[in-house]
Every structure is written in structure tokens, then in C-alpha cells.
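> Chain residues, written in single-letter form:
There are 2 protein chains.
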Amino acid sequence: MNVREEARKMKLCAPALAASSMERRNAALEKIAEGLQNNKERIFAANREDMKAAEEAGIQTAVLKRLKYDEAKMQDGIAGIRELITLPDPVGRVLLSRELDEGLELRRISCPIGVIGVIFEARPDALVQISSLCIKSGNCAILKGGKETTFTNRVLFEIIRESVLAAGMPEGCLLQVEQHNEIDELLACDRDVDLLIPRGSNAFVRYIMENTKIPVMGHSSGICHVYVDETVDEEQAIPVIVDAKIQYAAACNAAETLLVNRKIAANFLPKAAKALRDAGVSLRGTEEAEKIIDLDGVMGEDDFATEYNDLIMSVKLVEDVQEAVDHINRFGSHHTDCILTTDDERAEYFMQMVDSAGVYRNCSTRFADGYRYGFGAEVGISTGKLHARGPVGLEGLVTYKYRLCGHGQIVADYASGKKTFHHRDL
Amino acid sequence: MNVREEARKMKLCAPALAASSMERRNAALEKIAEGLQNNKERIFAANREDMKAAEEAGIQTAVLKRLKYDEAKMQDGIAGIRELITLPDPVGRVLLSRELDEGLELRRISCPIGVIGVIFEARPDALVQISSLCIKSGNCAILKGGKETTFTNRVLFEIIRESVLAAGMPEGCLLQVEQHNEIDELLACDRDVDLLIPRGSNAFVRYIMENTKIPVMGHSSGICHVYVDETVDEEQAIPVIVDAKIQYAAACNAAETLLVNRKIAANFLPKAAKALRDAGVSLRGTEEAEKIIDLDGVMGEDDFATEYNDLIMSVKLVEDVQEAVDHINRFGSHHTDCILTTDDERAEYFMQMVDSAGVYRNCSTRFADGYRYGFGAEVGISTGKLHARGPVGLEGLVTYKYRLCGHGQIVADYASGKKTFHHRDL
Numbered sequence: 013m014n015v016r017e018e019a020r021k022m023k024l025c026a027p028a029l030a031a032s033s034m035e036r037r038n039a040a041l042e043k044i045a046e047g048l049q050n051n052k053e054r055i056f057a058a059n060r061e062d063m064k065a066a067e068e069a070g071i072q073t074a075v076l077k078r079l080k081y082d083e084a085k086m087q088d089g090i091a092g093i094r095e096l097i098t099l100p101d102p103v104g105r106v107l108l109s110r111e112l113d114e115g116l117e118l119r120r121i122s123c124p125i126g127v128i129g130v131i132f133e134a135r136p137d138a139l140v141q142i143s144s145l146c147i148k149s150g151n152c153a154i155l156k157g158g159k160e161t162t163f164t165n166r167v168l169f170e171i172i173r174e175s176v177l178a179a180g181m182p183e184g185c186l187l188q189v190e191q192h193n194e195i196d197e198l199l200a201c202d203r204d205v206d207l208l209i210p211r212g213s214n215a216f217v218r219y220i221m222e223n224t225k226i227p228v229m230g231h232s233s234g235i236c237h238v239y240v241d242e243t244v245d246e247e248q249a250i251p252v253i254v255d256a257k258i259q260y261a262a263a264c265n266a267a268e269t270l271l272v273n274r275k276i277a278a279n280f281l282p283k284a285a286k287a288l289r290d291a292g293v294s295l296r297g298t299e300e301a302e303k304i305i306d307l308d309g310v311m312g313e314d315d316f317a318t319e320y321n322d323l324i325m326s327v328k329l330v331e332d333v334q335e336a337v338d339h340i341n342r343f344g345s346h347h348t349d350c351i352l353t354t355d356d357e358r359a360e361y362f363m364q365m366v367d368s369a370g371v372y373r374n375c376s377t378r379f380a381d382g383y384r385y386g387f388g389a390e391v392g393i394s395t396g397k398l399h400a401r402g403p404v405g406l407e408g409l410v411t412y413k414y415r416l417c418g419h420g421q422i423v424a425d426y427a428s429g430k431k432t433f434h435h436r437d438l
Numbered sequence: 013m014n015v016r017e018e019a020r021k022m023k024l025c026a027p028a029l030a031a032s033s034m035e036r037r038n039a040a041l042e043k044i045a046e047g048l049q050n051n052k053e054r055i056f057a058a059n060r061e062d063m064k065a066a067e068e069a070g071i072q073t074a075v076l077k078r079l080k081y082d083e084a085k086m087q088d089g090i091a092g093i094r095e096l097i098t099l100p101d102p103v104g105r106v107l108l109s110r111e112l113d114e115g116l117e118l119r120r121i122s123c124p125i126g127v128i129g130v131i132f133e134a135r136p137d138a139l140v141q142i143s144s145l146c147i148k149s150g151n152c153a154i155l156k157g158g159k160e161t162t163f164t165n166r167v168l169f170e171i172i173r174e175s176v177l178a179a180g181m182p183e184g185c186l187l188q189v190e191q192h193n194e195i196d197e198l199l200a201c202d203r204d205v206d207l208l209i210p211r212g213s214n215a216f217v218r219y220i221m222e223n224t225k226i227p228v229m230g231h232s233s234g235i236c237h238v239y240v241d242e243t244v245d246e247e248q249a250i251p252v253i254v255d256a257k258i259q260y261a262a263a264c265n266a267a268e269t270l271l272v273n274r275k276i277a278a279n280f281l282p283k284a285a286k287a288l289r290d291a292g293v294s295l296r297g298t299e300e301a302e303k304i305i306d307l308d309g310v311m312g313e314d315d316f317a318t319e320y321n322d323l324i325m326s327v328k329l330v331e332d333v334q335e336a337v338d339h340i341n342r343f344g345s346h347h348t349d350c351i352l353t354t355d356d357e358r359a360e361y362f363m364q365m366v367d368s369a370g371v372y373r374n375c376s377t378r379f380a381d382g383y384r385y386g387f388g389a390e391v392g393i394s395t396g397k398l399h400a401r402g403p404v405g406l407e408g409l410v411t412y413k414y415r416l417c418g419h420g421q422i423v424a425d426y427a428s429g430k431k432t433f434h435h436r437d438l
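One line per chain: the protein sequences are R and Y, in this order.
Its first residue numbered 13, the first sequence is counted upward by one per residue in this note's numbering.
Its first residue numbered 13, the second sequence is counted upward by one per residue in this note's numbering.
Okay, chain R solo, but in the shape it has when bound (with noise of 0.2 Å):
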């Protein structure tokens, strides 16, 4: 396949796709379930040789989880389809209206990116729910999944674009790209990708980012930290730091790093890494970490910016909360943070000079997610600033445009002084 050709195809059908009305885009996503429900059997099949391939080639059966693609995750995957229908139009809405003078009208109005393209990790539900937010959301979308998932992806993709076209979407709104080495010729197409979202290993991530001209959303790495403050619960934050290590270690959200304050360390750090212990995580930490526990490592200053996405944890000690948030700003990934505190003043202190996506208070890092947001599904996590940050919804995947009319209106008029604008809001 000749990817830029086909991205160039992709990008004049894109118009036509944005233009199209939400019962038009509900009505493809009602195809879609539909055409899951009654395509099962031919789905499982292909399934289980993805299953079979995976397993004579040694997978581990943590991933082959993800690869196994069954009954309940299609009946999820449906229900989130429909929720989608439910969701009101992210197209379209008027973000400000304005007269700027008598009869000469602006409005800003959102609408879909464009061409999107989504990498994303060997896991059918993702291609999915990816193609489902693209169609809702207006855009054409370029579709890239792992290929541990070759089979099940192919089925997928038949069914998914066969109920758009059905529902009277433009040809070559939707492309699936197979080979690995069809991800280079797409990095190429800045032209006429509007965005990429690459989710996968932190490697792969970094590969797309530093190889493109094509926007990026998304984040190479997750190092979320816990910070504990003199003025902990400590009942409450117990709980809280081996949840954010434990509750789905290999999760970008996932804290890697426990700050604690020097203060209360001798006696609140012992408890803390008994209770990691039990629940299977080995502790590495600085020299000062280990006159207080033992340790399975002794760790350097750099050492802190690692993502161990396992149940390791990294310990240190901190002055105050203001060598927290240097540590964090420093070592961190902009991700999502943590101080367990009682006292509010320091949890402001914390929440304003922390640099990332999310800054919490006395609860766990795991909860960075769309669906626990309420966002109903989302298409990654950024930890870039621009445009969208933290979970990704529908609202990251549209842009907008300013529409302007006016009765014949020109500029010599208003920088001669013979006319002037009010700027009236409507």
C-alpha cells in the first residue's frame, strides 16, 4: 500500500466527512455494534489464531490477555459504542458569538481535526473504541494496531468500514495499515495528517515523537510520584500509595516514586513499605531511605527518572513540600502527581506548582483516566500542553474554525475611522 497516497486521498474526503450530520455519524456507530453482534463467530475465529499464534510464539500471559478478545470485551465494546451514541455532538457547537458590527457577524464553531492517525498497542477493543471516537468525532482516521492482532484487526476493520460506508460515510474515510514499516511512510505524510495519537511502550512513543513533523498527542512515559507530607492521614495513606503502585502496575498512571517527608519518615516509612511488601512490590531508594528500611536497591539521583511499569517502587526523602515539587518537576513526566496531606495551604502549595497533567490530593494516581473522568472513552493521555492534557476525550479530537459574515463589510471603513466596532457578544 502506498500510505501517502492514500493519506492524500484520505485528506480531500475529510470535508465531506466533517460536513456530515451527527445522525449520519450516530447511525455508523449503531452499524458498527451491530455489525459486531452479528459477525461474532467470524470475529472469535480470527481471534483465536491471533491466540494461537501468540501462544506458539511464547507470549506472555499477561499480554495474551490483552490479545484475547471474547464475549465480555465485545459486549463492552458495544455498550461503549452506544454510550458514544449518547454523548452530545462535539461538532458544531458555537464557542462565541459575536457581532462585531452592525450586520457583520463572527462565530467560532468547532469541528473535527481532520486526518487522524492512531498507532495503538495490540489490543482489538482499542481498534474498537479508536474508530468509534474518529467517527463521532467527524474525523478520518488512519489506523495502525499491534501486530499480535493482525487477524482480529483485519476482521475488525472489515465489519467497522463496511457500516460506515453502509451509513453513508465517504469512501476512504477509514484506513487500516498493517505492515510495520508502513509507520515510517505515515510519519511522512505532514501534509495531510493532521495529528497522531502513538500509545504503546515509552520507546515507541519517543521513536514517533522524534521522527515526525506531524503533531503529537500523547506521552512516552508515566513516572507519577506519591508525595507524603509531615501532615498525613497516615490511615488513609496507606491504602492510597499501595493502590497508586499495585492496583495495575504496568499502567502509565502508576506511581513509580514515593516522596516522603524527613519529618515523619522513622515512623511512617517503615509501615508504608510493609504494607508495599505485602503486596509484592520490591523497594529501591537513596542511602538515606535505607537507615530506615531495608531496601532491594540503592539508588543515585538519576536513577529517579525510570518508569519501572512493575511492582518496584522508588523511595526518598524530602525536606518539605517544596523539595517535593522540585523533585517531581524534575524527575516527574508531567503525567500525574499525588501529596497525601491534611493541611490545605501545602495541598495548594502542591497543586499550583506541580507541572503536570494531574495534580491530586489524598487519592490515587490510577484514577488519570477518561472513563473514571466520565468522559466516556477516551484515545490517550497527554502529558504535552497544547491543545489537549491528562485524558483525552471526544473534545481532544476537534479543533475549530471562525466563520465570519458580513454584507459587503471592508477594513478601509473601520482604519479610516469611518466606521468602528462594537464587539457585541450575541
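You may find that some hints are simply not true.
All copies of an identical chain are treated as equivalent in the list; a pair is satisfied when it fits inside any one copy or across any two copies.
Stated by the list, open to error - List of simulated lysine-lysine pairs, DSSO-like, C-alpha gap at most 27 Å: (1) K430 - K286; (2) K283 - K430; (3) K159 - K85; (4) K430 - K77; (5) K85 - K43; (6) K80 - K64; (7) K159 - K64; (8) K52 - K64; (9) K85 - K431; (10) K85 - K430; (11) K77 - K431; (12) K286 - K275; (13) K80 - K52; (14) K80 - K43; (15) K283 - K303; (16) K159 - K303; (17) K85 - K275; (18) K431 - K43.
Derived by calculation from the structure, the hints in this document are not laboratory data.
Here the structure is a predicted model, which means the values were calculated and not measured.
Please build the complex by placing chain Y on the supplied structure of chain R, with the hints as guidance.
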């Protein structure tokens, strides 16, 4: 100067500026206004040095006008600052407030982006305006102005920096870079600079965009179109076309191409051509156009991707609004494009389908400007689709963060079904 080192230091003080109150930021702006007023003789003397050097270098009169900083420009600048003071705080706005569950409250709060690099043309008023916008929005700024205004900028920057420090802003929140080779150093500061805003020539902006990993907001070219449909109101149309071309031909929102519906070309085009020529515009166009009017040059298809920035206009006949849209989406720069029509349906089609920051009906493309839109000052015009599009005012200089406050909530309780989210907007 070691720009990377300075940018690193600036990044560290960005959270403190971000957390400063609006009262303090406004006080800094007031001090800048007073500082300009109180130091005007010093500023004008410096400007005379720049003007003298520029005259000796034989710089064009049009450019000299922009270099000149006189009483009128200063008073405009001071008035601009005082208007900025009256604008609502772009920082700390609650964009979303939602209880995820009992005692677990999520808020999306606007906050400054952090460190912004602005590289701008040789205009002293630009330095005043840009630094004021950055201060108002709580952002640290690295500023690089055109070399022809070195003396003026040096004095202006000193006054601005002293004013800001006197208002209690953190040391190191503003930096001026003077050497051209320091631009390349700035482009390499992707760890510490959050956003670059380049203004200036196409080639320069494109160079910036292609040589940095820092997100860039702006536009390289402004190839704006006016399409004349056969349903046009002729009397209204001709002044709009002339204004769009000549009111300030060097501006990015000046029209470069006139597209005329074939059905009315024989009647309309000679009238439009006469009006344009009377205003000093020379015309180029397709062979087909040449059969109707005299041209100063015949154009091939690819020549339409030209930005003249001068009193020259490209002319082409098209079959219908659809062909006009296709031409604009292919050859335009996604800046601002206009349809002249009395027909609502065609206007709607054009405004939906043209993929530009501004889609206009029956008014001059020259209205695409932050001041004319009523945004106060603008920091630039973006033709990108992410974050901010079109004229960018204060809103484009902020992002947001999510604050989540709980009482020890953990995700495991929601995963197990022990608790459920109720997502109630507050």
C-alpha cells in the same frame, strides 16, 4: 549567553509565575505602562539610533515605518496594556467541576503554558505587546526581536524587566535574546521551552517549524482566496475584493487569489479587473482568464501556491463552489478564505468544506485579526489546527490541569464494584 542554561533556569521559576495572583500580574503591567511613559526620551533616543542605522543601510521606507517608535505608537502601546489589565484573568478559570463519587472532586483549571519563546519581526511595539500578553497569562517568555530594532528593544526590555521585578515577579521570568545564532540554541531547548511562536517571513517561520521539537504556533504563509459565485451581489463584491487585496498587501490575511465562477466571468471579471488595476494591482492568471481580461502574466497550475505579499493577484475561473473549495483546500494555506454570494446554501457549503481557520462570507479577508475579532491584542495567527487556530489572544497562551481531591479513595474499590462513580457535575 548560554540560552539552554537560561531556559533551564526559567523553567524552574515558571511555576512561581504561574501561581502569581492576577492583582500582581496586573500590577506588573501597570508598572510597564508607567515605565514606558517615564522613560520615553531614553526610548526615543535609542530608536533614533536604530533608525539612523537603518537609513544608512538603505532599508525600504515601508520597513522604516515599522521600526519607528514614536509618541503615537507608545501611547497606543500604553493604551493596549491598560486594556489588557481590564481583561478577565485567563488563569485559574474552572473549566469543569465534577464529583466523580462522594468526596472525590475533579476540577479542570486553566493555567499558564509555562515557558514561551517568541521570535518576532523588527517592530518595537511587538516587544511591548508580546511581553505584556505573556505576563498577563502568567507565562515566562524568551523574546527575540528583529535585529534592526536592537537599540530600541534593549531599552524597552530593560524597562519591562525592571517593572516586572518591581512588581514581585520571579527573577528570570523574562529573557531577551539578541544574537541571531542564539535562535538555534533556543530551538534546541525542547525540554524547557513549552511553545514557540515565530512571526516573520514564510521562509523564516518554515525554518523554525522544521528545526525544532518544541511545539510551534503560527503560520508560515497566508495564501487567502476570494471566490465569486454566480449568485454574487456585484456592487457589494468589488469593494470587498479590492480591500482584501490592497488594504495592506503585505499582511498575511491579504487575498492572493481571485476565483470567479465561469458563468459570470465574462461580465464580472472585467469590472473586477478594472477596479483592481485602478487600485494599482497587477493581475496574473490562467490562459482561460486571459481570454477575458488582459493579464500581466499567464500562470500554470502550481503557480497558485504563491503568496505575493504585494499588489499582485492570481485569477482563475472555476465551474462551481465545489471546484473553488477544492482549489482552496489544495493551494491555500488554511488561513482565511471568503465566498461572495447571496445564496445561503452555497455559503454554508463553502464554510463547511473549506478547511481554513477563517471562512468568510461577503466581507474582506483582512478582518482576520485578534483586535478586529475583539480579543484585545493577538500574539499571532495560527494556521495549525491544534490548541489555537486563527488569531490567538490570551486564551491561546494557557493550558489546563486536572485537580482531583479525595479522602483516601482508591481505584481497587471501583474495579471490584464495591464503589461506583456517579459523575455529577457541580
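> Tell me the numbers of any earlier hints that the structure contravenes, in ascending order.
Hints 16, 17 and 18 contradicted; others consistent.
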